[in-house]
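A.B. asks: These are the residues of each chain, in order.
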Amino acid sequence: MVTQTYPLIKPTNDSTREPLLRVEDLKAYFFMDEGIVRAVDGVSFDVMPGKVVGIVGESGCGKSVTMKAILQILEAGAKIVNGKVTLRSRVHHGDPNSAEELIELTHLHPNSRQMRRIRGAEIALIPQEPMAAFSPVHTVGNQIMETILLHQDVSKKEARQIAVDVFHAVGISMPEQRIDSYSWQLSGGLRQRAIIAMALSCNPRLLIADEPTTAIDVTTQAQILKLLRKLQEERQTSIIFITHDLGVIAQMADEVVVMYLGMVMEKGSAMKIFKNAQHPYTQALLRSIPSVQSHPRVKLPTIAGSIAHPFNRPKGCPFHPRCTHFMRGVCDAAQPHLVEVDEDHFVSCFLYSEADGTKKTMRTEADPAKEESL
Amino acid sequence: MSDGMQPLEPKAVAAAKSPLLEVRHLKKYFPIYKGVLRKLVNQVRAVDDVSLFVREGETLGLVGESGCGKTTVSRCILRAIDPTSGEILFREADDRVTDLAALDRREMRRFRPQMQMIFQDPFGSLNPRMTIFEIVSEPLYVNGMRSKTEREDHVAELLRLVGLRTEYMARYPHAFSGGQRQRIGIARALALNPRLVVADEPVSALDVSVQAQVLNLMLDLQQKLNLTYLFVAHDLSVVKHISDRVCVMYVGKLVEMATTEELFQAPRHPYTAALMMAVPRPDPSSRDIIQDLPGEVASPANPPSGCYFHPRCQFATEVCRTQTPELREISPDHFVSCHRAEELHLAGIKVNKETQI
Amino acid sequence: MDSIEPKILQPEGAAPLEKADPAMYPPDEAVAAPAEIFEEPLVTTQEEERISIASNWTLVWWRFRKNVLAVISTVILLFLAIVVFIPDFFATMDPEETNARLAFIPVQRIHWLDEGQLKPWVPSVVGKRDPVTLAMKWTTDETQKTYIQFFGSGWSYSVLGIFDSNIHLVSAVEKEQADQDLAAQIFLLGTDRLGRDQWSRLAFATQISMTIGMISVIVSVVLGLLLGGISGYFGGWIDNIIQRLIELLQSLPTIPIWLALTAALPRTWSPEKVFFAITIILALRGWTTLGREVRGRFLSLREEDFVLAAELGGASQARIIVKHMIPTFTSHIIATSTLAIPVMIVTETSLSFLGLGMRPPAISWGVMLQEAQNIQTLALAPWLLFPGLIVIVAVLAFNLVGDGLRDAADPYSH
Numbered sequence: 001m002v003t004q005t006y007p008l009i010k011p012t013n014d015s016t017r018e019p020l021l022r023v024e025d026l027k028a029y030f031f032m033d034e035g036i037v038r039a040v041d042g043v044s045f046d047v048m049p050g051k052v053v054g055i056v057g058e059s060g061c062g063k064s065v066t067m068k069a070i071l072q073i074l075e076a077g078a079k080i081v082n083g084k085v086t087l088r089s090r091v092h093h094g095d096p097n098s099a100e101e102l103i104e105l106t107h108l109h110p111n112s113r114q115m116r117r118i119r120g121a122e123i124a125l126i127p128q129e130p131m132a133a134f135s136p137v138h139t140v141g142n143q144i145m146e147t148i149l150l151h152q153d154v155s156k157k158e159a160r161q162i163a164v165d166v167f168h169a170v171g172i173s174m175p176e177q178r179i180d181s182y183s184w185q186l187s188g189g190l191r192q193r194a195i196i197a198m199a200l201s202c203n204p205r206l207l208i209a210d211e212p213t214t215a216i217d218v219t220t221q222a223q224i225l226k227l228l229r230k231l232q233e234e235r236q237t238s239i240i241f242i243t244h245d246l247g248v249i250a251q252m253a254d255e256v257v258v259m260y261l262g263m264v265m266e267k268g269s270a271m272k273i274f275k276n277a278q279h280p281y282t283q284a285l286l287r288s289i290p291s292v293q294s295h296p297r298v299k300l301p302t303i304a305g306s307i308a309h310p311f312n313r314p315k316g317c318p319f320h321p322r323c324t325h326f327m328r329g330v331c332d333a334a335q336p337h338l339v340e341v342d343e344d345h346f347v348s349c350f351l352y353s354e355a356d357g358t359k360k361t362m363r364t365e366a367d368p369a370k371e372e373s374l
Numbered sequence: 001m002s003d004g005m006q007p008l009e010p011k012a013v014a015a016a017k018s019p020l021l022e023v024r025h026l027k028k029y030f031p032i033y034k035g036v037l038r039k040l041v042n043q044v045r046a047v048d049d050v051s052l053f054v055r056e057g058e059t060l061g062l063v064g065e066s067g068c069g070k071t072t073v074s075r076c077i078l079r080a081i082d083p084t085s086g087e088i089l090f091r092e093a094d095d096r097v098t099d100l101a102a103l104d105r106r107e108m109r110r111f112r113p114q115m116q117m118i119f120q121d122p123f124g125s126l127n128p129r130m131t132i133f134e135i136v137s138e139p140l141y142v143n144g145m146r147s148k149t150e151r152e153d154h155v156a157e158l159l160r161l162v163g164l165r166t167e168y169m170a171r172y173p174h175a176f177s178g179g180q181r182q183r184i185g186i187a188r189a190l191a192l193n194p195r196l197v198v199a200d201e202p203v204s205a206l207d208v209s210v211q212a213q214v215l216n217l218m219l220d221l222q223q224k225l226n227l228t229y230l231f232v233a234h235d236l237s238v239v240k241h242i243s244d245r246v247c248v249m250y251v252g253k254l255v256e257m258a259t260t261e262e263l264f265q266a267p268r269h270p271y272t273a274a275l276m277m278a279v280p281r282p283d284p285s286s287r288d289i290i291q292d293l294p295g296e297v298a299s300p301a302n303p304p305s306g307c308y309f310h311p312r313c314q315f316a317t318e319v320c321r322t323q324t325p326e327l328r329e330i331s332p333d334h335f336v337s338c339h340r341a342e343e344l345h346l347a348g349i350k351v352n353k354e355t356q357i
Numbered sequence: 001m002d003s004i005e006p007k008i009l010q011p012e013g014a015a016p017l018e019k020a021d022p023a024m025y026p027p028d029e030a031v032a033a034p035a036e037i038f039e040e041p042l043v044t045t046q047e048e049e050r051i052s053i054a055s056n057w058t059l060v061w062w063r064f065r066k067n068v069l070a071v072i073s074t075v076i077l078l079f080l081a082i083v084v085f086i087p088d089f090f091a092t093m094d095p096e097e098t099n100a101r102l103a104f105i106p107v108q109r110i111h112w113l114d115e116g117q118l119k120p121w122v123p124s125v126v127g128k129r130d131p132v133t134l135a136m137k138w139t140t141d142e143t144q145k146t147y148i149q150f151f152g153s154g155w156s157y158s159v160l161g162i163f164d165s166n167i168h169l170v171s172a173v174e175k176e177q178a179d180q181d182l183a184a185q186i187f188l189l190g191t192d193r194l195g196r197d198q199w200s201r202l203a204f205a206t207q208i209s210m211t212i213g214m215i216s217v218i219v220s221v222v223l224g225l226l227l228g229g230i231s232g233y234f235g236g237w238i239d240n241i242i243q244r245l246i247e248l249l250q251s252l253p254t255i256p257i258w259l260a261l262t263a264a265l266p267r268t269w270s271p272e273k274v275f276f277a278i279t280i281i282l283a284l285r286g287w288t289t290l291g292r293e294v295r296g297r298f299l300s301l302r303e304e305d306f307v308l309a310a311e312l313g314g315a316s317q318a319r320i321i322v323k324h325m326i327p328t329f330t331s332h333i334i335a336t337s338t339l340a341i342p343v344m345i346v347t348e349t350s351l352s353f354l355g356l357g358m359r360p361p362a363i364s365w366g367v368m369l370q371e372a373q374n375i376q377t378l379a380l381a382p383w384l385l386f387p388g389l390i391v392i393v394a395v396l397a398f399n400l401v402g403d404g405l406r407d408a409a410d411p412y413s414h
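Chains as they are written, first to last, in the working numbering: chain A, 1 to 374; chain B, 1 to 357; chain C, 1 to 414.
Looking at chain A on its own, in the form it has when it is part of the complex (with noise of 0.2 Å):
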């Protein structure tokens, strides 16, 4: 068991600059007859504390199977293969004040004690699928109740008030009456309000929510998402989103991550992805989505493609085949690598780095249209 004790960090206004979460290098295969799937292919990123980074990218991207090699929860089949996901835990899981130890999550077998104490107190799931994480014959009280009993030393009695608490806290009106009510007996957006509370209820300072709003509509989407920034704000809370909208990304997180095919293409704060995107996927992803801002019936400019089946991702750059930036001999040879091509703006692409992994120096500004004439 590789778990290094440090030296009491208090956390500090210092700790707020270290990563709660550190993922690096994360490489996740799903073994398979027919072949090997690199879901995830050398993910790199880091969490800070009381930040939410989203992950964005479209289906076969790998953002859930990353969200699940995170938590050790990958099915029969998938396993990591590389790389380090470094959590800076609490010794005393849910108190605020308890001193921290930095865990080597891939070092734990994803059903040791250890594993599922961090799992639910120091980070917690939020599903897509609400109905599907209730038992139907338990009341949704008495399931929250459980995980509390499971990860704090706290009385029955006590936990019941901490489970009414959360209710409250995730503005569920009546929460001594609901509490007491089956899951089926909730609407669509109680439900998703009783999964938060749920996750909320040891005190975890890592949320990861795998596409918390795409079952639901848009007027509950916007209570749920509203809620969730109200609770980041209060709790300080550090949560991972994961989802395929852009809209919802750009109104949720603080720091982005674009991944295509299981790699990173690009990763910065959210006004530089939004607003000065680098990376040609990026770019042409942030082009073709229609928006109720702009003119009705304006053809889009498009993506060229689809997406490649992630049994034969392509060579090099996996975006290559669809790219209107596509250099032969350079993007379809060998795989780019991240370069900061700003403060904390990180691109994958040979626009911008040399087939070494090294920046290029010639650019002077980020143009990509005038690059390809080289």
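In case anyone wonders, no lab produced these hints; they're calculated from the structure.
No experiment lies behind these values; they were computed from the predicted model shown.
All residues carry an ideal CB built from backbone N, CA and C; glycine is no exception.
Honestly, I wouldn't trust all of these hints.
Said to hold, decoys possible - Within a straight-line C-alpha distance of at most 25 Å, the following computed BS3-like cross-link-like pairs (lysine-lysine) qualify: (1) B/350 / A/275; (2) A/27 / A/359; (3) A/27 / A/51; (4) B/148 / A/299; (5) A/299 / A/275; (6) A/226 / B/350; (7) B/224 / A/299; (8) C/323 / B/148; (9) A/275 / A/360; (10) A/79 / A/68; (11) A/360 / A/315; (12) A/230 / A/27; (13) A/68 / A/84; (14) A/51 / A/226; (15) A/51 / A/275.
As the list claims (entries may be wrong) - Take a look, some chain B residues computed to stay more than 12 Å from chain C by CB distance: (16) 29; (17) 40; (18) 131; (19) 148; (20) 167; (21) 171; (22) 323; (23) 326.
Dock chains B and C against chain A, hints included.
C.D. replies: Chains B and C in isolation, oriented as in the chain A frame:
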């Protein structure tokens, strides 16, 4: 069979374009039975008195949240399900108007070629056991084109039209991506040269980067073939992108119908305004604009009294709680069903100049 | 190809698209731009080309053949099928010929080599009567060799009523000296109480038992498809009646009903009549499971988008059923039927074992096992249990093939 198309026709633009389709007071109630004797205990008012019209050559967007009845309306128009009551008036090329709701299945078959559908699910809508040729040519075959070479030529033409290689004809659907399958579905819908195409969430199951391709294709085809679209979707930005006019539905009722520009810039129904404000925009600097609407969508099995929206409406008054508002035209081509439409000044969405291409 | 006029695509007299108020819309050239053609590169590899044009049955086969157990079982079933069609080819003698002097002969082992040469033979059996118990005691005499030949000629029989043949898989090589009355006979699986050759009897029992299983399943499938299809397709009160009928049939206690029905068969009926009566009795309940499944498939398929698409395209109900619905669940029906055959076989065997199914002189696995009913016989002649082994092998093979088919039946689930 019908006495022209007067009531809903807007006064100012009446002459501009004649409606291809007009739906009047359409109702579809699904009964809920209980017990061994199947006693009728309640009804789900999936579509509750909806009236709308679609002009020839235009796209009418039909938008609403899940359970609002938008899909039921579209299926009733195609007579995939039978409406409980109401009229569905369809104008044929020779200006004859027929009430489709009054036809039986046999009589309906004559109208099938004129109205086709594009489906939401690119996987479930293509029979996995048929080749692309068999799928696209089936409507041609059943409508009398027996020569195989003739059908092959037509299928090749259709595939080219939707941007697919004709070499793909011998393949099965499992060889195609979601976006390509949707193109195949569009080719099948166009095989019979329909005048009305009902598209039920045609891009919501597709990846973001592929959605724009399909939307552009639909715009192109409309232009080339003078198609009329009824475009059903839950995504306001997609509906705005493709529609000339938009209808908004809420719990089985039509709350507002207007031209796209007007609806988005100056909505007259509080629900329309709230719906637009709830859409998350891909712009981090717009975070404070997004507003949520309190409460939850009412159940169509047990709708509230008066205006169905009143429990969530910040402008609701006594009359909203007791009286059901009628759909009325408050300005040319702008229909709304709200008691207070005239007095309210609701915020719309300004077109973002930056995003304009 | 390019010269073809897009006849149906150009509407007659189509006016150019006009907007009611052009001022309300941005410049229209974006809409008016020519269609983008997304000609993706043709898939290059042969493998992908092969997969793209693979039909449903090809895909089912590709998945089925990955299942080793199922493939082995298929080979076993194919062998049993050959036995069903030409049992005479496998038999070494008349299965009904009795010879009290040759009772309870044990299994003869085939020796493949004779003095270093490949020349298969079986040792002769020598019977000695125990002077105390008066029971026959059989010993083998390795010096007395009965040579055997493969594909030798023997009595003639008809192959499926098409042509006659006299070729047999195994037979003894005739010897010159006729004084040895055992010389021309071989008992590969020994003999029973009446001195009948088990090997030959087993060949004919396989024919009867397997045929009963198959025919009753075929009758079940026909009934199930018909009634289940009517139930699922028409719904309403017909559906209600058929469903209640299925529930009634399924709630009947099977063993007593079978016992009652088979016991009611007149003793005077010929074996053929009994045979058909039993298949019908088995099928009468067998169709209910299948009927339910067919109905369920019809109900769920009616909701499928591709069925609605066909209807909107103008396809008739009959075409939708034949072209879209039935092909979709054929593979499932085949899998379910394959799994139903062993149930029928076991049921027939059990009934015959209890003396209520097939009766001698008809030969079935159950009739043969009847011989092994008492412990004494078992102790003296354990080879009489051999038909039981064949039943187990056949039932297992059917189950494994059925499971394999069921798993492979929907290649689109992955």
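A.B. asks: Which earlier hints can't be squared with this structure?
C.D. replies: Of the numbered hints, 4, 12, 18, 20 and 21 do not hold.
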